[in-house]
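K.L.:
Protein chains in written order, with this note's numbering: chain L, 1 to 382; chain G, 1001 to 1491.
In case anyone wonders, no lab produced these hints; they're calculated from the structure.
Every value quoted in this text rests on a predicted model; they were computed, and no experiment measured them.
Warning: the hint list may mix true and false statements.
Stated by the list, open to error - Label pairs and their in silico Cβ distance ranges:
1) L:Leu12 x G:Phe1457: 22 to 28 Å
2) G:Ile1315 x L:Lys113: 44 to 50 Å
3) G:Trp1026 x L:Thr20: 34 to 40 Å
4) L:Ile24 x G:Trp1026: 38 to 44 Å
5) G:Leu1350 x L:Leu12: 56 to 62 Å
All C-beta atoms in this analysis are idealised placements derived from N, C-alpha and C, irrespective of residue type, glycine included.
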Amino acid sequence: MRTFIAHLLIFLLPLVILFTPAFIVLFISGEFTSLENIGTLSRSTDRIVVGPAYSYFRSEYQLNEVSVRRPAVIALGSSRVGEFHSEFFKNPNVFYNTSGSIGSLSGFNDFIKHLSQPPQIIIAGIDEYFFNPENAKNNTVKRPDPFIVHTKIYDPFFESFLRNGGWWKVYADYFSGKFILSDIFTCPQRDVRTIGLLACINNSGFTNDGSNYDNIVLYPSEISQGIDAVAASITDTNGDDYGSNISTDAIAELRIFLTSAKEKGINVIGFLPPISHKEFQALKQHPDAVYSYAFKNLYSTLAAVFKEYGFDLYDFSDISSWGSSDDEMAESKHGSGKMYLRLFIQMAENNESLAPLVDIPNLKEKLANATSTYFISEIAGY
Amino acid sequence: MLFDSLQFVVFFIAIFFLYFSIPSRWQKWLLLVASCYFYMAFIPQYILVLFFLITVDYFLGIKMERTFGRTRMLYLVVSILANVCTLFFFKYFNFFNQNIADIARLIHWNYSLESLAIILPIGLSFHIFQSLAYIIEVYKGHFKAEQNYGTYALYVMFFPQLVAGPIERPSRLLPQLRIVHEFNYCNAVSGLKTMLWGFFKKIVIANNLALLVDFVFAHITTANGSVIILAVFAFSIVLYADFSGYSDIAVGSARMLGIELMQNFRQPYFSQTIAELWRRWHISLSSWFRDFVYSPLAWKWRERGIWWAYFAIVITFLLTGVWHGAGWNFVVMGFLFGFFICFGLWTKSLREKIWNIIGIGPRNIVRILVGVSTTFILTSIAWIFFRAQDLSEALLVLKGLFTRWGQDAFSYLLCSDYCAFYAIGIGRTVLAIVGISVVVMFAYELFKELNFALPKFWYRRAVRWSLYYAFILWMLFAGYFAPMTFIYFKF
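Given these sequences and hints, build the entire structure.
P.N.:
Okay, structure coming up:
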């Protein structure tokens, strides 16, 4: 027995040596924090930012948060709804942002069908690419219900250390210079509590109300170069979102969501998210790069569908038409918090159900007083 | 408690060291307590069902041994009824009830018996078959009834094989449970290696490929025929990797404790006929049905001719199908296997003649490849009925195999970015990794099949350990570590 134990320990030693540093880094950075703990912290007064590097649990986490908090208003969509913040509302507790919880049109209906008490209002980010006719290839209309796939017990250790390869990726990231060890050890001392390696090293992720938190130092010139590069890549036959017309499958799937929302008494306020002005112009100039062709009819087609159900749809894709500019873009398809406040004010001014929940003059004042091109809040990252 | 969970790893390490540290007379009791804990980790109250059956069979076994004639037969019947009725209640009642309700609806009969809202106790079919094997062997006088209640309870409950077999025979397992087990270095190391191989099959191959199979089956009405074929073959591999992986972990963990369980798989996908496949697949179940169903029937009908022998085969496989699950899909699966075997036997001489005319002998590689591929394809078709939720889904899959071939076949594999498989976490890299792992698995199986001797350099510790490290890292690198239950746990 002793020989066996000795041999076993000797055999395991290299593995222990290999895994321990990775385990320590991920443990200290909060990568193994359970979803229950994250939920509890997010509902406390402590400000947190959640940014795991090697696991993705937004779908099940945010569904659970909405079930627990039962907010009156949620923002639902891809990462392009992430800049709606609870601060936009008179009572911040009425709002929760489920940004990034869905990746296809079917996700909208999948989300609400799992809620026993649905919200009164959904601000739905109707991303333009959902309606790309090439969606059979890109799978943007129907995907497996992410909230069923992930209702299995979530084990943060298994998920980030083993399943997603955190045990080796952490070395790869360290040796490629993505972080230094002192970053990790200073994380627990910050005012804003960081959970996860990305939150720890980049200070980015999502915060208490589910909205985006980006405290990375933004370099306007890099953003501008990125936008230029995307715009330049759009040609007649090689658009960023290639496709010649609006997908009928996508329209049918949208109707499923709107019907379901109507039945549940939810008011859906849809919007086409902002696209950088340069990219938008490039799309318009190439009628055969066809996403632009789709653009010409996209809003009117979708607005008619929304209207059938008594819902509003706003078109914010052309940012120059409503007073914003590329200076407020965080990258070619993601606006900044400031840009989203600007569009939110316009939404609230035109929507009867949203208006009573919002102090529009106060928001306008915030917008006017914003010192940063990107952020509107005193709190860094907003 | 799943074998591929951290909970089991901690549990097993604790039991292993305790087992060889405590006084030997307590070993059996430790295993019994551990087995109870293991079982109760699923649904605790069902242990009462298990102990009810253990108690009934234990006492009836002893009574049976002391009596003869009709009384002995009566004890056998009571014991079989207790086991079969329990199995029927938990596993088959709703199926029968539903079918009666369907027939009642057809003939306008007012039938309103509610279905039962119960969950099948885990591993029920396995431990009931193990109990039945005991009681029948005692009845036939092949085996003396166990006098020690604890030993008998452990025979039924021994945790490595409690929930998904192998279905042990009393003559093999009970004597091992009666003796004291000293620590054996070779057993411990061999057991560890077997467990590791089982974890590899489950975590790297079965778990990863199951995602792809589940995805295709969830989109069966829109998937391309080519993709469905891929998924059907993939499921055959998933099923084998999952179940044989479980069996390896069971055999390995028992071996570490000094107990040798029977081999449940013997490279089944190298079989050249379906009959051979069932001699190599889930051996503990197929031999159970052979000994307790097929042989008695074949013996009884031995003078009625070949068609009755075929009939015995079909009945045996219908029961094998129903053992797997309460549903018409399992009935069809069993029938298909029975039919394939009968058809194979019926055409055997004709096929032999054809091979002889072509001039290809039984050891010719072409003939072996044809046999192995045909068997694999037929088995995969039968497994469709195993994987499908019900008969209608199975028929949809079969229909799907022959449709939509023109629609951008294999686009799932070739597409980029937000591709369908990517949405569930399967990229082409993962598919490649799993592909390599499947090749490794079958290469190793081939190695065993052909009885290759290990090369001399293998016996150097540095070589062996390096390979073990590479293997473990590969498993950690490529494994899908989601808590996915073993397929056969539901039986």
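K.L.:
Next, verify each hint and record whether it holds.
P.N.:
So, going through the hints one by one against the coordinates:
no.: 1; hint: L:Leu12 x G:Phe1457: 22 to 28 Å; in the structure: holds, 24 Å
no.: 2; hint: G:Ile1315 x L:Lys113: 44 to 50 Å; in the structure: holds, 45 Å
no.: 3; hint: G:Trp1026 x L:Thr20: 34 to 40 Å; in the structure: holds, 36 Å
no.: 4; hint: L:Ile24 x G:Trp1026: 38 to 44 Å; in the structure: holds, 39 Å
no.: 5; hint: G:Leu1350 x L:Leu12: 56 to 62 Å; in the structure: holds, 58 Å
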